[in-house]
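K.L.:
Residues per chain, in single letters:
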Amino acid sequence: MSGQTATAGNGLLERARWASRAFARYDRATVDRIVAAVARTAADNATRYAEWAVRETGFGVAEHKALKNVACSTGLAEAYAGHDYVSPRTDAAEKIMSIPRPAGVVFALTPSTNPVATVYFKILLSLMTRNAIIISPHPMAKECCSDAARTLAEAAVAAGAPDGVVQVIEEPELPLVEAMMASPLVDVVVATGGTPVVRAAYRSGNPALGVGPGNVPVLVDRSADLESAARLIVDSKSFDNSILCTNESVLIAEDAVADRLVSLMRGAHLLSGPDRDRVRDALFPGGTFDTRFVGKDATWIAERAGVRVPPGTRVLLAPIDLAVPEEPLAHEKLCPVLGLLRVPSARSGIDAARAVLRITGAGHSAAIHSTDPRTIMEFGAAVPVLRISVNAGNSLGSSGVHTNLPISMTIGTGYVGGSSAGANLQPGDLVDWTRVAYHVDAPFGDFAGLDPWSPPDGPVPRYPEPSNARRTSAAAPGMPSGDPGAGPSGAGSSGTAQDTLRDEIRRLILEELASLVRS
Amino acid sequence: MLDYGLFTFASKDEVLEKSSTYWNPGKTRFWVDSGVPLVIDRREGYFLYDVSGRRLIDVHLNGGTYNLGHRNPEVVAALKQAMDHFDIGNHHFPSLARTALAEALIASAPKGMSKVIYGSGGGEAIDIALKTARHATGKRRIVSIVKAYHGHTGLAVGTGDDRFAKLFLADRPEEFTHVPFNDLAAMESALRARDVAAVIMETIPATYGFPLPAPGYLEGVKRLCETYDALYIADEVQTGLMRTGELWAITKHGITPDIMVTGKGISGGLYPIAAVLVSERCAGWLTEDGFAHMATFGGAELGCVAAMKTLEICNRPQTRSIVHHASDLIGRGLERIRADHPGWFTGIRQNGLVIGLEFDHPEGAKHVMRQLYDNGVWAIFSTLDPRVLQYKPGILIDPSLAEEMLDRTAHAIARAAKEVHR
Chain S
2 MSGQTATAGN
12 GLLERARWAS
22 RAFARYDRAT
32 VDRIVAAVAR
42 TAADNATRYA
52 EWAVRETGFG
62 VAEHKALKNV
72 ACSTGLAEAY
82 AGHDYVSPRT
92 DAAEKIMSIP
102 RPAGVVFALT
112 PSTNPVATVY
122 FKILLSLMTR
132 NAIIISPHPM
142 AKECCSDAAR
152 TLAEAAVAAG
162 APDGVVQVIE
172 EPELPLVEAM
182 MASPLVDVVV
192 ATGGTPVVRA
202 AYRSGNPALG
212 VGPGNVPVLV
222 DRSADLESAA
232 RLIVDSKSFD
242 NSILCTNESV
252 LIAEDAVADR
262 LVSLMRGAHL
272 LSGPDRDRVR
282 DALFPGGTFD
292 TRFVGKDATW
302 IAERAGVRVP
312 PGTRVLLAPI
322 DLAVPEEPLA
332 HEKLCPVLGL
342 LRVPSARSGI
352 DAARAVLRIT
362 GAGHSAAIHS
372 TDPRTIMEFG
382 AAVPVLRISV
392 NAGNSLGSSG
402 VHTNLPISMT
412 IGTGYVGGSS
422 AGANLQPGDL
432 VDWTRVAYHV
442 DAPFGDFAGL
452 DPWSPPDGPV
462 PRYPEPSNAR
472 RTSAAAPGMP
482 SGDPGAGPSG
492 AGSSGTAQDT
502 LRDEIRRLIL
512 EELASLVRS
Chain X
109 MLDYGLFTFA
119 SKDEVLEKSS
129 TYWNPGKTRF
139 WVDSGVPLVI
149 DRREGYFLYD
159 VSGRRLIDVH
169 LNGGTYNLGH
179 RNPEVVAALK
189 QAMDHFDIGN
199 HHFPSLARTA
209 LAEALIASAP
219 KGMSKVIYGS
229 GGGEAIDIAL
239 KTARHATGKR
249 RIVSIVKAYH
259 GHTGLAVGTG
269 DDRFAKLFLA
279 DRPEEFTHVP
289 FNDLAAMESA
299 LRARDVAAVI
309 METIPATYGF
319 PLPAPGYLEG
329 VKRLCETYDA
339 LYIADEVQTG
349 LMRTGELWAI
359 TKHGITPDIM
369 VTGKGISGGL
379 YPIAAVLVSE
389 RCAGWLTEDG
399 FAHMATFGGA
409 ELGCVAAMKT
419 LEICNRPQTR
429 SIVHHASDLI
439 GRGLERIRAD
449 HPGWFTGIRQ
459 NGLVIGLEFD
469 HPEGAKHVMR
479 QLYDNGVWAI
489 FSTLDPRVLQ
499 YKPGILIDPS
509 LAEEMLDRTA
519 HAIARAAKEV
529 HR
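One line per chain: the protein sequences are S and X, in this order.
To convert, take the position in the first sequence, counting from 1, and add 1; that gives this note's numbering.
To convert, take the position in the second sequence, counting from 1, and add 108; that gives this note's numbering.
Hint data in this document are derived by calculation from the structure and do not stem from the laboratory.
Keep in mind that this is a model prediction, so the values were computed, not measured.
Treat the hints loosely; a few may be bogus.
[What the hints assert, rightly or not] Ranges of calculated distance between the beta carbons of each label pair, as one might list FRET restraints:
{"id": "1", "chain 1": "S", "residue 1": "196", "chain 2": "X", "residue 2": "482", "range": "51 to 59 Å"}
{"id": "2", "chain 1": "X", "residue 1": "181", "chain 2": "S", "residue 2": "325", "range": "33 to 41 Å"}
{"id": "3", "chain 1": "S", "residue 1": "197", "chain 2": "X", "residue 2": "157", "range": "46 to 54 Å"}
{"id": "4", "chain 1": "S", "residue 1": "204", "chain 2": "X", "residue 2": "170", "range": "37 to 45 Å"}
{"id": "5", "chain 1": "S", "residue 1": "196", "chain 2": "X", "residue 2": "122", "range": "56 to 64 Å"}
Glycine included, C-beta positions come from ideal geometry on N, C-alpha and C.
Chain S with its partners taken away, still in its complex shape (with noise of 0.2 Å):
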């Protein structure tokens, strides 16, 4: 480092350099139990996040956003507990051993649509893989983000991680968040977000695993189970009220199965074509999205409208003719309405799908409905996405909640969706291995039960007593371990009978000041 001060961000940088050097020594077990404290925490708070996170955005549904914070809470340390972030390992054959070499200090942007699922998203992330984590909220959603990072840190530090290791940025504002950005004291910048967020995080300076938009095809071929297509989608589309970047943005549906797939849209009504220029009019004033209409239920859009829906409906099914730039309704829409194409044939379909990732969203996700291994092969060969959801609604699929992808709040969309990262964003993102290769015709090194990690010995960082307050210093030489100048490895010695030790000296010197006070 530069020995510069106050670089940017008020300290909270330099506070997680010093939270990410302590952790990047903990052991495994030490961390399993630090992650598994956490997701607990965050469960039990999920639906009291999820209604602060409606209240405060005006986005979603609250019910919905429990379910996701439960996902990225549990759910997410359950689908990862069996694996190791933190445990060297060697491959005999290969000759060579790997260490873990977390990423150090994540500057994480977290989003107004999904905020807390993704503040829970990426700190578990980030505890998994023994990184310190400063979460940057987006404003609208600061209150409720900041809340539970905070609740989080708490829990982590309570279970034995070094202090600092998450932080949150309590006033995100733009210029202190692009200075710490890209501070020398950031090692790898995470956005979720929109455009313009991603962008200024690739421009940092940092590295960056940043993601794009989406815009979902949703392709339904007549070799479909249309019912169970049916209901997934309106599922999908009304979940979190399209809230999830994931959610499907244009139905694109074989001719021969299109009237048939509609009638079954319970909950999805279509519109007519003055309805559907209403709707048209009211979320694209001027051609540009009002995002008045993010997050909202699609009753409430119809009133805005000015157009009648009856009771219970859940997606407004916009019929348009051609994907293309100058159609709104073929663009992105994080609300309840679901653009509506016929096409007359799967090959069709297609192209009509590449034609709707032409105007964005490119490298983002698509789904499929089909049984037809032909048609689903040639579907993903052809469509610019990194992701896609087979007869699975695609808000929860993509996200990895429904399918095996990986459970993911951050969706990399490739190099041909302008970003470094083409996976749902997992734990091994914020790792790099160290190789240690060994000459081919070297005997390879016997490293069964060694470990170069340990857990803490105490709380990270011990409380400065004065040094003669402190447990007697074992550091004289030919001492063995338990001496605190020996680092974490040195938890041998048993604690809590020095520490009675000494609170028995304390008293003892106590009383004899007493006394003399007396005398």
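Given chain S, work out where chain X should sit, using these hints.
P.N.:
Quick look at chain X alone, frame taken from chain S:
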């Protein structure tokens, strides 16, 4: 050529020569003779640069004056902004900046502090504290410890070591009693006659080499003060402002002082200012005759702005956390170095980032200081106990710099050991 616009020197030698001629020959010669011919040029963060361009990590920080680093960008920004509006101000009148800082200081202070009196430096602030104690108690005698150091002004110098008082015929043994440190019995004898206005104590005596108060000692002194009706003045000039991991070190002892003094670091290293915090019991003279102590520069408004920003930075949870992490790492690192040099590096006196390193040689710390200087670290020996090196890393230090500092320190201590043939 050393060209600074307003003034130039042909070389470092010319600076040293003229420094001796026009400024202070004793000091100038002392440092050259000590092997530390430092003339500070650029300064930034925790680095100093000699005019030759050599970089030094500053672990002296002038007793905490540069706690936040040299020219801390946040304090510089606050001061620059203030200079568009404020100047020193007029000490006679109620003032915006003085009032705001006073309120902030009281809010940060141990319970019971009620009013703030400003000085332009620590010495003056100590004089104010002593005068205040005398007014409040109607008694004249002041008790301090042997080898105490509280500054060089009229009264302050009387509390300290004779070295600085006798030269100027400023010692006043009839008014100033010195008792051995960590000796409650001696303290009680000094107080028993009930003629003592106040005991003044640095929470950790700095210039004496940071000997740590024995557990219970300061608490015992406070109780004795209560028993014999003397006031307790906490000198927190060097120990305050988060250096020990709490904003004011005295709170780690659970002591509520009657008077507390802050200086050095409160300036942010940019604009001289010092302050005395007093309890309501001691604040009487401010009502009786508010003009009784005056200083044109005391509580200069620009200084108040620097102090307010400094206080805010010091009091952040982040800063506290950094100090705890850093004192843990540095403490463990020093223990390891000490284990390599038994019999030479004999002790570590540490409370947070107040650290004294003891060497088994009457002038051991001077040897280590010189070796550190040669190895890119600037730390100073303790004037009143040259066996002990003062080692005060910055409170916003980052882990990389802390590790580099420890590496250099280990090397220098080993070199110094060879130098004294150990």
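K.L.:
For every hint, state whether the structure bears it out.
P.N.:
Status of each hint after checking the structure:
For the pair residue 196 (chain S) and residue 482 (chain X), the supplied restraint of 51 to 59 Å holds, since their beta-carbon distance comes to about 54 Å. Checking the proposed 33 to 41 Å range against residue 181 (chain X) and residue 325 (chain S) shows it is violated: the Cβ atoms sit about 51 Å from each other. Remark: the range hint 46 to 54 Å for residue 197 (chain S) to residue 157 (chain X) is contradicted by a beta-carbon distance near 41 Å. A hinted range of 37 to 45 Å holds for the C-beta pair residue 204 (chain S) and residue 170 (chain X), which are about 40 Å apart.
At about 60 Å, the CB distance of residue 196 (chain S) to residue 122 (chain X) agrees with the hint of 56 to 64 Å.
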